[in-house]
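Peer 1: As they're listed, the protein sequences go chains S and E.
With the first letter of the first sequence counted as 1, position 494 gets the number 494 in the numbering used here; the numbers rise by one all the way through.
With the first letter of the second sequence counted as 1, position 352 gets the number 352 in the numbering used here; the numbers rise by one all the way through.
Please keep in mind that the hints were generated in silico from the structure rather than gathered at the bench.
Where hints are given, some of them may not hold.
[Stated by the list, open to error] Derived CB-CB ranges, DEER-like:
| hint | chain 1 | residue 1 | chain 2 | residue 2 | range |
| --- | --- | --- | --- | --- | --- |
| 1 | S | Gly105 | E | Val28 | 43 to 53 Å |
| 2 | E | Leu27 | S | Ala369 | 47 to 57 Å |
| 3 | E | Pro9 | S | Ser74 | 19 to 29 Å |
| 4 | S | Gln310 | E | Ile166 | 18 to 28 Å |
[Claimed, not checked] Computed footprint of chain S on chain E, listed as stretches where at least three residues anywhere in the stretch have a Cβ under 8 Å from a Cβ of chain S:
| hint | stretch |
| --- | --- |
| 5 | 231-238 |
| 6 | 243-257 |
[Stated by the list, open to error] Simulated pairs of lysine to any residue, SDA-like, Cα-Cα distance not exceeding 25 Å:
| hint | chain 1 | residue 1 | chain 2 | residue 2 |
| --- | --- | --- | --- | --- |
| 7 | E | Lys139 | S | Lys405 |
| 8 | S | Lys249 | E | Ser54 |
| 9 | S | Lys402 | E | Val14 |
| 10 | S | Lys405 | E | Arg10 |
| 11 | S | Lys402 | E | Leu355 |
| 12 | S | Lys189 | E | Leu193 |
| 13 | S | Lys189 | S | Ser265 |
| 14 | S | Lys402 | E | Lys139 |
| 15 | S | Lys402 | E | Arg354 |
| 16 | S | Lys402 | E | Asp13 |
| 17 | S | Lys23 | E | Gly358 |
| 18 | S | Lys402 | E | Arg10 |
| 19 | S | Lys405 | E | Leu360 |
| 20 | S | Lys201 | S | Arg242 |
Every residue gets a Cβ at the ideal spot worked out from N, C-alpha and C, and that includes glycine.
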Amino acid sequence: MSSAPAIELTGISKRFGPVAANKDVSLSVAAGSIHGIVGENGAGKSTLMSILYGFYEADAGEIKIAGEPRRIRSSADAIAAGIGMVHQHFMLVETLSVVENVVLGAEGGALLKGGVAKARAVLAKLSRDYGLAIDPDAIVGELSVGLQQRVEILKALYRGAEILILDEPTAVLTPAEADQLFALLRALKAQGKTVILITHKLREIMDVTDRVSVMRRGQMVAHVATIETSPPALAEAMVGRRVLLRVEKKPRERGAPVLEAVGLSCRDGRGTETLKDINLTLHEGEIVGIAGVAGNGQSELLEVLAGLIQPSRGVIRLGGQILAAADRHPARLRERGLMHIPEDRHRSGLVTAFSAAENAILGYQHDPALGAGPLLSPARIEAHAREAFAAYDVRPPDPALKTAKFSGGNQQKIVLAREIERGPKVLLVGQPTRGVDIGAIEFIHRRLVALRDSGVAILLVSVELEEVMALSDRIIAMCGGRITGERAAETADERDLGLLMAGVTDEAA
Amino acid sequence: MSAAPVELPRWADVALVPLVSVAAALLVAGLVVVGIGENPLEATALLLRGALGSAEGIGFTLYYATNFIFTGLAVAVAFHAGLFNIGGEGQATVAGIAMAIACLAFPALPGFLAAPVAILAAAAGGAAYAFIPGWLQAKRGSHVVITTIMLNFVAATLIVYLLREIIGKPGSMQPETPNFPAQAILTPMHQWLAPLGIDLPATPLNTAFLLALMALVAVWLLIWRTRLGYAIRTVGANPRAAAYAGISPAAVTMIAMAISGALAGGLAVNEALGVQHRLVLDFTAGYGFVGIAVALMGRGHPAGVGLAALLFGVLYQGGAELSFDKPAITRDMVVVIGGVLVLFAGALDGLFRRLVAGALGMGRTG
């Protein structure tokens, strides 16, 4: 191992039109260390890493890899310099096998056979060295997200990466998968690899990194050793002011039941039972959190309650009345005060190609206030959005801007504003803070608690156990489509919930 | 890296990129003309003079443009719902059949009713024929690209059968219907304008052109100013978000296809009711397919469709004149120019977007 830093960036600047995405950024990453880079969405982390990986060329500044100045103008240059990148959205071909994905772009000749055989051998060695157990012939599309990420890491290692950049690697992982990833990163470090971890989750930084750099508005604002800092200090550096990481919540008497599910079951397209005999009651003025590893029926529960899929058995009561099949429709349910913040805003909560104003009426396009008869008035849609965006601090407050151009946090605020401002009685909330920066998380949590205080019944599904524990009055654990237990928030602890989430029920214990 | 779509300012997106595409297409077409030993500048001048240099030329150009507006709008409306309707030919054919049946079944309708009934019959026929692939897509998941193109063949066969056996002119050797009742026929433009003292040469341009202009406005209203248009665009951009919003993608698919088919029916109105005054075989003459190019070039926006339709109108009319004046430049050559235009304005659009973005100094956006 050389004593020179694995990566040394000096005075990197990059402008996109009027926006300075990186301003005079310097960064030094010691070889054989895990280096965290934190910052809110839009702080310039991704731009910086894209410069390092050759997607963009910096307007100014110098890049040194292992002490040598380098010009990196393409990802091929980056790979040649020993840099590998694992993107937040995987760059895998889902229909190909693991080994075929690994050799992709490095096939080594016109015929696959030689390259694949070589890759097989290398994969076997990598698996031994790092404990990366994976079947080289498995089809990538059939692997879990955690394993797909391993394939990405293997791809980078196969190309001889000495420096591995991971962009928000845990955004798609369950807590257990995240822990496995961190174990892997530590193993890589032990073998002398250098890891750069980009994230906005402070717990991960504290857990796994040696040093951390904080970016804010395109500039580096701090470089510290991880043991010398703390989550509140990092959060303050990221946001530029003090932030509350804990949710302030006063106890509140819950009211009458508003939403009840009795014996609810559900099957997916292949006939597999995704929900099994769910019994659940939601009262006015309480937040009920669902704790569970992703893919254990929480998504289906939200979708059934929101009228997006139909149950195979069971009854849903809203405001005391049993919902007929025709009423279990998103539009009918909205009319009756059941609003829904979906788990994935890109897939279903927003039309990112539309303007922000048009998205602020999605699901409410039949509101008579928005236009006469069959018409929609652009002026009214815009006025409506202007008002909502001001109330929910959507930045920039520009209703005409395309929704895809907003940051994750602000997109989520658009969804939140849309579903909350019309006075829900019941609010179904899925992953409210996924891909959302700290400032916006604080805002969203405060809004949800305020809504609960005003008497709204909230069902919260989140893969962040911390979030469920911080916001909920009651916590229900799910595993394999079943409810495995319920805890009052005051008495719940992470270990106990973890057992319930793993399917160890109260009766079995 | 996958090529992320390049973001451009709106004005560049709607005006500059198509202009660059057309310029590049003309350049390539010019090279082809040079290749066969003709002067491209002279050819261009002849083409433009033929299309726009006389009242007669303009009349023909606008007549062609009328067809392209209808078929281009048909493709554009379906496109907004995320559907690629390439069945304009078949839908126009069935529209023509429905119109012919209405005209021949009610020969004695009063003048103020005859044309509207014929037009509505055409719209209904086109809508019904496009509804079939819409229904198959919505309920059975059969892809509209496949079903619409196959139904083109069905319609082409159907019209042969009907013209031979059922609605054909008795005793005629031609596969055609008897003439439509005179009061149903759309008035030619030169007759419209004659009482105003404007003396125009006789061209096929007729009232259908005005209907086409109205259709442009109506489609713009529908797509950008109505709740239905909002639903159509939502389904086209993100069907899951549509379902979340309580919009049924299946219903919107069927409705959008029906509207699309009704617009394709405009081709039958212009050709059969406006020009030929009877239904003849092959009256669609490929206009339905050119509509795809028109919609692509016009980026699905009625203003763009109007301009693209005009461009193709110029090309058709000017091309005919050109091949008359320059026998070396045959009609097939003009088809080549049209093809190059489609290639550059439709298929290679991304190429020029990047180029334009580079020229504007925007670089790649993250």
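Peer 1: Next step is simple, just say for each hint if it's right about the structure.
Peer 2: Consistency of the hints with the structure:
no.: 1; hint: S:Gly105 / E:Val28: 43 to 53 Å; verdict: 33 Å, violated
no.: 2; hint: E:Leu27 / S:Ala369: 47 to 57 Å; verdict: 52 Å, holds
no.: 3; hint: E:Pro9 / S:Ser74: 19 to 29 Å; verdict: 28 Å, holds
no.: 4; hint: S:Gln310 / E:Ile166: 18 to 28 Å; verdict: 47 Å, violated
no.: 5; hint: 231-238; verdict: holds (count 5)
no.: 6; hint: 243-257; verdict: holds (count 5)
no.: 7; hint: E:Lys139 / S:Lys405; verdict: 35 Å, violated
no.: 8; hint: S:Lys249 / E:Ser54; verdict: 79 Å, violated
no.: 9; hint: S:Lys402 / E:Val14; verdict: 16 Å, holds
no.: 10; hint: S:Lys405 / E:Arg10; verdict: 15 Å, holds
no.: 11; hint: S:Lys402 / E:Leu355; verdict: 22 Å, holds
no.: 12; hint: S:Lys189 / E:Leu193; verdict: 85 Å, violated
no.: 13; hint: S:Lys189 / S:Ser265; verdict: 46 Å, violated
no.: 14; hint: S:Lys402 / E:Lys139; verdict: 32 Å, violated
no.: 15; hint: S:Lys402 / E:Arg354; verdict: 20 Å, holds
no.: 16; hint: S:Lys402 / E:Asp13; verdict: 14 Å, holds
no.: 17; hint: S:Lys23 / E:Gly358; verdict: 23 Å, holds
no.: 18; hint: S:Lys402 / E:Arg10; verdict: 12 Å, holds
no.: 19; hint: S:Lys405 / E:Leu360; verdict: 20 Å, holds
no.: 20; hint: S:Lys201 / S:Arg242; verdict: 16 Å, holds
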